[in-house]
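J.: Given next are the chains, with one letter for each unit.
There are 2 protein chains.
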Amino acid sequence: MLTRETVAQYILSRPALAGSIDLEGMTAEEVGDGNLNLVFICRDTSGRAVILKQSLPYVRLVGPAWPMTEDRAGREAHSLSVYGGLAPNLVCGLLEYNEDCHILALEDLTDHEVVRSRLNRGGSHAGIFQPMGVLIARVLFGTSWLSLKEEGFRLQAGATVNTELCLISEELIFTEPYFGGPRNSVRPSVDSVISSMRTDETWTTAVMRMKRRFLSVQEALIHGDLHTGSMFARGESGHEEFSVKAFDSEFAFYGPIGFDMGLLWGNILAAASRAAALGETERANSLVAEIEKSWLAFEQQLRSDWPNRQKPEEYSDDFLESWLADILDDSWGFAGCEAARRVIGLAKVSDIETLGETEYVHAVNVMMTLGRSWLLSRSGRSFEDYHQEFSQLVDKFSA
Amino acid sequence: MLTRETVAQYILSRPALAGSIDLEGMTAEEVGDGNLNLVFICRDTSGRAVILKQSLPYVRLVGPAWPMTEDRAGREAHSLSVYGGLAPNLVCGLLEYNEDCHILALEDLTDHEVVRSRLNRGGSHAGIFQPMGVLIARVLFGTSWLSLKEEGFRLQAGATVNTELCLISEELIFTEPYFGGPRNSVRPSVDSVISSMRTDETWTTAVMRMKRRFLSVQEALIHGDLHTGSMFARGESGHEEFSVKAFDSEFAFYGPIGFDMGLLWGNILAAASRAAALGETERANSLVAEIEKSWLAFEQQLRSDWPNRQKPEEYSDDFLESWLADILDDSWGFAGCEAARRVIGLAKVSDIETLGETEYVHAVNVMMTLGRSWLLSRSGRSFEDYHQEFSQLVDKFSA
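Chains as they are written, first to last, in our numbering: chain A, 1 to 399; chain B, 1 to 399.
In short, the hints are calculated from the structure, not lab data. Predicted model only: the values in this text are computed from it and were never measured. Treat the hints with care, as some may be off.
Unchecked claim - Here are the computed lysine-lysine pairs in the DSBU-like style, where the Cα-Cα straight-line distance is at most 30 Å:
{"no.": "1", "chain 1": "B", "residue 1": "Lys348", "chain 2": "A", "residue 2": "Lys311"}
{"no.": "2", "chain 1": "B", "residue 1": "Lys348", "chain 2": "B", "residue 2": "Lys396"}
{"no.": "3", "chain 1": "B", "residue 1": "Lys149", "chain 2": "A", "residue 2": "Lys348"}
{"no.": "4", "chain 1": "B", "residue 1": "Lys293", "chain 2": "B", "residue 2": "Lys396"}
{"no.": "5", "chain 1": "A", "residue 1": "Lys311", "chain 2": "A", "residue 2": "Lys149"}
{"no.": "6", "chain 1": "A", "residue 1": "Lys149", "chain 2": "B", "residue 2": "Lys348"}
{"no.": "7", "chain 1": "B", "residue 1": "Lys348", "chain 2": "B", "residue 2": "Lys311"}
{"no.": "8", "chain 1": "A", "residue 1": "Lys396", "chain 2": "A", "residue 2": "Lys348"}
{"no.": "9", "chain 1": "A", "residue 1": "Lys348", "chain 2": "A", "residue 2": "Lys293"}
{"no.": "10", "chain 1": "A", "residue 1": "Lys293", "chain 2": "A", "residue 2": "Lys396"}
{"no.": "11", "chain 1": "B", "residue 1": "Lys311", "chain 2": "B", "residue 2": "Lys149"}
{"no.": "12", "chain 1": "A", "residue 1": "Lys348", "chain 2": "B", "residue 2": "Lys311"}
Construct all of the structure, not just a fragment, from the sequences and the given hints.
T.: Here it is as structure tokens:
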């Protein structure tokens with residue numbers, strides 16, 4: 001296991017990292033606030049830094065009682081490298097991966113801020129989510145049969161099975177929040193919201209339909225955990241230093257592409273619900289509008305790559321339209337699941353958890369009600385329609 | 001490569017086959033009429049037999065120009081062994097698999113007849129297809145997360161990727177018939193049927209939607225080639241010797257379960273269209289009625305296994321209903337694709353090909369028209385409705 005004391009020795013031992021950093025006077029800091037990894041920022045006296053990330057053999061939130069394959073570092077390395085080829089400016093760069101020790105050396109993004117933190121402190125969201133729409137489109141185009149042909153697609157899908165990490169998603173997103181479990185919790189003030197959900201079989205069956213899609217659909221090498229805590233941002237949209245990058249892709253596997261979009265939307269809703277609960281109505285509406293913007297960016301990027309697909313004579317423009325409709329449907333479905341589980345389940349979000357009591361109740365009501373609606377009433381609705389429903393619920397629960 | 005001269009030596013070298021057959025005076029006959037394999041019937045003087053099947057390194061129909069992994073024998077061995085555990089009386093038994101030489105030793109089913117041949121000669125179809133519905137249900141239940149849990153399901157799906165054989169299906173079922181290819185052919189009398197299909201973008205886009213499902217949905221270790229030429233039958237329903245068994249499962253992979261059902265239905269349609277073209281109206285209708293019977297047998301078996309699923313608290317009865325609806329939808333979609341490709345594509349069926357000119361035109365028209373309809377108009381229709389459409393088309397094209 002890496003420690004602050006051994007990182008210099010480690011870097012010295014890696015030829016691929018020579019020149020990335022000056023070891024003389026280098027400092028190291030452990031900053032892993034995640035659940036599964038050690039993360040060290042190693043910085044030299046000139047300010048250059050290398051990030052080292054080593055996977056732990058268990059889930060830190062739970063401890064050694066939940067063992068977890070260290071191979072997931074390899075999943076992250078592989079997906080970062082694939083994404084880097086497809087959308088180099090939209091993901092954290094991979095300097096090298098040491099398979100023997102499960103250590104990734106990563107691009108220094110310490111001048112970026114985690115998007116969830118940025119939004120929680122009221123930072124700007126303008127232009128933050130379109131890049132993720134672009135990334136999702138590039139991943140769909142680049143890792144599906146559209147680029148790899150059918151044979152390459154099947155081989156890649158088979159080679160990137162990520163059973164243990166998928167199991168975490170299956171349990172924490174689809175199962176525990178809805179069927180109970182000791183790791184769920186909410187404040188007593190919203191107990192009734194949760195208990196009425198648990199007895200709502202229409203809701204829970206719809207969640208399990210989405211779980212079935214998560215289990216049985218493989219469309220692309222999806223990120224698998226693309227929430228606002230897996231995104232870095234720097235600067236303001238329109239300025240030269242503006243940058244948005246996804247990271248933490250160890251959940252990557254061949255799954256339904258709408259899952260990435262849906263997780264993003266569920267977390268945009270968390271930010272918007274927080275803003276609404278804090279009385280920042282205009283900001284809340286502007287945040288919700290990011291959902292449509294991210295979709296349009298996805299759609300635009302995919303349409304722009306479309307002429308370069310393999311076998312264009314087979315995959316017609318009409319084929320694309322019907323696929324887009326299915327992806328949109330999936331996205332709302334997964335977004336609905338994500339919204340509810342971020343309130344109830346083990347992996348809660350600070351957007352909601354840091355709110356005062358009145359604001360918390362308001363935000364939870366908005367997220368749970370919309371989560372159900374997104375999941376259950378997603379046929380043929382427009383983005384405008386979804387947006388109006390958000391505004392109405394914000395008013396309703398303020399009354 | 002096995003030859004008639006070397007099979008005795010081979011059997012002698014395999015301890016697992018000792019006692020299955022008496023080598024003294026044993027005869028060997030090569031009977032492979034398939035496309036990809038050598039098949040030897042080795043029979044001793046007392047009448048006992050062992051079947052040896054060795055995969056060729058190329059597609060026999062095309063020759064060495066289409067190389068084909070011999071590993072597919074391993075796919076067949078694995079799937080036969082899995083199916084044998086789930087539905088021992090409904091699949092050909094596997095005596096042993098020799099991985100080094102790609103040779104399967106199989107149960108002697110020489111007292112059975114290939115179902116396509118049986119139907120072509122006017123043999124009875126009563127009770128023939130329900131067992132396949134049962135088999136499909138057992139496979140869905142036994143190889144999905146319903147039995148294996150989510151983790152086991154993902155591991156199995158990843159371990160049984162069958163890229164090269166899937167590619168054959170992708171090309172021969174979904175692509176070539178609709179987008180042209182030198183391996184297609186029909187008699188000149190139906191050229192117009194084919195050319196109007198090729199310019200029918202609604203049709204071809206719907207086919208590609210099914211191809212997308214074939215590529216992207218993994219639900220169970222499906223047979224992958226479950227037509228009437230992959231089924232053996234012996235005796236008459238209701239009699240003790242009655243037996244129906246699937247074989248030739250080298251296309252097995254984790255795919256959409258409706259694909260197996262759909263291929264079966266497309267081939268039932270071929271048999272029914274043949275009967276109708278020959279003026280055997282009652283028999284034709286009775287054959288088409290087998291479609292519903294096979295589905296009901298599937299549904300009944302799945303419902304009967306359902307209480308034994310893993311995690312019953314998560315997978316509710318409503319969940320089953322919605323899954324069944326999706327499988328039924330898939331089944332009609334794949335059946336529609338199968339119907340058309342069995343008329344046009346490389347792998348034609350003797351049901352249609354052996355007909356005289358007038359009968360051929362009639363059968364092709366029925367199959368192509370129904371194939372399109374099954375694929376495009378499958379929302380909310382009853383089996384009765386599909387059956388009536390068949391009868392109407394039989395009349396229409398006879399007029």
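J.: Does each hint fit the structure? Answer for all of them.
T.: Verification of the hints:
1. B:Lys348 <-> A:Lys311: Given pair lysine 348 of chain B, lysine 311 of chain A holds - Cα atoms ~25 Å apart, limit 30 Å.
2. B:Lys348 <-> B:Lys396: Satisfied, since the Cα-Cα distance of roughly 24 Å is no more than 30 Å.
3. B:Lys149 <-> A:Lys348: holds (26 Å)
4. B:Lys293 <-> B:Lys396: Measuring from Cα to Cα gives roughly 26 Å; hence the hint holds.
5. A:Lys311 <-> A:Lys149: holds (8 Å)
6. A:Lys149 <-> B:Lys348: holds (26 Å)
7. B:Lys348 <-> B:Lys311: violated (44 Å)
8. A:Lys396 <-> A:Lys348: The hint holds at about 24 Å.
9. A:Lys348 <-> A:Lys293: OK: lysine 348 of chain A and lysine 293 of chain A at ~25 Å, within 30 Å.
10. A:Lys293 <-> A:Lys396: Within the cut-off at roughly 26 Å; holds.
11. B:Lys311 <-> B:Lys149: holds (8 Å)
12. A:Lys348 <-> B:Lys311: Cα-Cα ~25 Å, so holds.
Against the hints set out earlier in the document, a violation occurs for number 7 only.
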